[in-house]
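Participant: So the sequences go chain by chain: B and P.
Note that numbering that gives the first Met the number 0 numbers the first sequence so that position 65 is 64, with each residue one more than the last.
Note that numbering that gives the first Met the number 0 numbers the second sequence so that position 49 is 48, with each residue one more than the last.
Just so you know, the hints here were simulated from the structure itself, not pulled from any lab data.
Since no wrong hints were added, every one of them can be taken at face value.
One side of the interface only, derived from the structure: several residues of chain B facing chain P at Cβ under 7 Å:
{"#": "1", "residue": "D2"}
{"#": "2", "residue": "V6"}
{"#": "3", "residue": "G60"}
{"#": "4", "residue": "G67"}
{"#": "5", "residue": "L68"}
{"#": "6", "residue": "H108"}
{"#": "7", "residue": "E137"}
{"#": "8", "residue": "L138"}
{"#": "9", "residue": "A201"}
{"#": "10", "residue": "V204"}
A short, non-exhaustive set of chain P residues, derived as facing chain B with CB atoms under 7 Å:
{"#": "11", "residue": "L118"}
{"#": "12", "residue": "L123"}
{"#": "13", "residue": "F147"}
{"#": "14", "residue": "S149"}
{"#": "15", "residue": "L150"}
{"#": "16", "residue": "M154"}
{"#": "17", "residue": "V158"}
{"#": "18", "residue": "V164"}
{"#": "19", "residue": "V165"}
{"#": "20", "residue": "R246"}
{"#": "21", "residue": "A250"}
{"#": "22", "residue": "L253"}
{"#": "23", "residue": "G269"}
{"#": "24", "residue": "L271"}
{"#": "25", "residue": "V272"}
On a predicted model such as this, the values are computed, not experimentally measured, just so you know.
Cβ atoms here follow ideal geometry from the backbone N, Cα and C, with glycine treated the same way.
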Amino acid sequence: MADWIPVVIIFMPLLAAVLVFTQTVRGVAATLATGGFLLIGLVALGSEVSGQGPWLTWQPGGWPVPLGLRWQADSFSVVMLAMVSLVAVSGGLFATGFLPTALPSAERHFWTLWLFTWAAMNSLLLAADLFNIYVGLELMALAAVGLISLSRETEALQAAMRYFLVTLFGSMLYLMGVALLYGQYGMLDQAALAAVIEHGLANVVAAVLITLGLLIKTALFPVHFWLPSAHGKAPVPVSALLSAVVVAVCFFIMYRLWSGLFFVFLADQPAMVLGVVGLASIFWGGLQALRQQSLKMIVAYSTIAQFGYVMLVFPVFAAGGATVLAWHGAVMLVLAHGLAKASLFFAAGCLHIAYDHDRIRELPGGVGRLGWVWLAFALAAASIVGLPPSGGFVGKWRLLQAAVLGEAWFWAVVMVLGALLTGAYMYRGLETAWRPAAPAEAVRTVPGIMVAVTLFCAVGAVAIGFLAVPLESFLGRTFEPLPIAGG
Amino acid sequence: MAVFDLILGLLLVVLVWKSLSVSDLFGAVISFMAFGLLMAVAWVRLEAPDIALAEAAIGSGLTGALLFSTLGRLPHSEARQPVVSRTVRNGPGYWMTTGFWWVLAILLSIAFLFSLLDLQTPGLGGLLQERLPESGVLNPVTAVLLNFRSLDTVMEIAVLLLAVVVAWSMGTVVWPVKRTLPSPLLPGFVRLLTPFFLLVSFSLLWRGSHAPGGAFPSGAVLAAAGILLLLAGKTTRICPRFMFWLRWILAVGLLVFVFAGVSLMVAGYGFLVYPEQWAGALILLIEVSAGVSIGAMLMALYIGGEPDIHSA
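Next up, chain B with everything else stripped away, as it sits in the complex (with noise of 0.2 Å):
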């Protein structure tokens, strides 16, 4: 197995964190180095994991599990991976644009924060072991919060405050967690300690506490209310980033616990509390949504609501029939939902950038760049509401596909009443786009590069519905849950 694979994934953006820090290397030009570096260690990735999978394992330092610890990846990892280079890639370029025209103090630090937070997610999605899970959290919520807190507005620092003291919070549930699973067992990786847990009360603790820890991090309904206020305030970047990605790797984490390590308590009533704890975020997010008077806002909201959505893939596995559709529909749908969503950001700063404001009820409808805008936002929100042929249409359908076969009919319907509330509050914003367009009032001219990686995100989470065959080809055909090794 190449080595060197994981090491550069993790240690690319590391390193040119460190030296943007340093001021050796220009922000823009180490953000494109590092996704060009990323694009060879994915595609060697790629290719090993289709080769020799469904799972890789390394082992830095070269000890043996349980002294040592190990890195992981399946074809989720890779697909995971790939996204978030695509969207931390296009939210520099995108910040190229923005930070001069709207926040030229935030520059200075802007790009070692980015690639901080950047190199924190792909240690994530490729750390087996428990404990460095997370340390990884915690460099991902520490460059989190001085991302959010860029603009040194009062709203924003007390925003980043917040997350950052009920992000600490979740850290600590999870850690609580891991230290009941280490004092039964005695090791920290996720599939030696699948071998051999068994039902118990410390078992039992152990996976709420990390739960509920995971759920506050993924911004889930009783424990989502951080979030409006975080990816609402953020300089628009790093709200694309953190509602895209950042979300994304906390529900990725929770994945992998429960289809491994917890695989063996999901059966019943823990796949009943996830999935009801999603039919709340989706009702709640998306009723909330429906409420918001700025674009902004909406798009915050409906991270909630959709991330609630991929929740209802743990009941639909319980349910049994068609756990290899639930999977792919849950990978489609949080792929689909990353760019999606990025763009939808994208789009509500290009309007904020152009008019100085981004009230739904004042904006006028766009001619010229802003009109290839409002084509980004359709685009995007049709992917979130799942119109087809959009990557959110297929991550939606395969969901409701696999209930159909377990005939859980109760979250097939509301699987259904989701995509119904979800078109209703995009519309909302939507509606805007018709209105007659008024040239004269916008203020500033949108960069062209704003306007094209808009787009572009928009055009990549509709390309993944025509995409879904390849995908889904190469995220296999079986299921397969962890390897269950020592070592």
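Once you have looked at the hints, place chain P on chain B.
Facilitator: Frame of chain B; chain P shown alone:
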């Protein structure tokens, strides 16, 4: 000893309660620092001298200094503000949500306490002792931090560096300028103490290979020496060249660690896989650079924002 432990445990709880409930923030910080010191004693009682050292140096000493430097920047106020305003507290929704969370928290805590009874395995202690001779150091904690789980440590150093970046991104601070102190006693005394601080710092670093110590406590002592010098009125002129070197010193711990890992990989051993005959030397190199960086980082965190070149 059981009586001592009981008193220690009770004192810890009382100090936590005090630092959370006392109305003036200064008193809360004092209680918190006392809590850190007693916690260090508790770690000694639990036979974890490494953690005790870290807790005393970082948990109590440096965190206390950070909290005091924060207090110094806050607008002067007599008492802390209530967390939730009165108007919010009256609604039925507030009581329902807080009630829900309280019940959940209490249930979880009870379940957590009961599940502590299930824990029997003493972790990886046995396996660790077995493989210790191959690690290149004699202190098991250093072996875990720098060899067996070195990846975690790389990332923790990255977290510290990131904390400095986040602090700097919040704004600049006026660099402490040279001022005249009311009495020559303090600068003279600090001048006498500084060599001892350096000695302790280096000895902690060196001891790390066979006894409790290592880069984190050593860096903390280094930072304490720097903070004392600042408090005693010592300062340097701040210029672009100074900032250039400061940035590199802050980054060097992480860079050396990553480069060591990558060059080992290129040499064919694998990422962060130390060949047995060099393991001790490599670990020392990494610890020295990490110690210097950690000292600089902790001091930078104490100063707060990015030193402003234009202020001097």
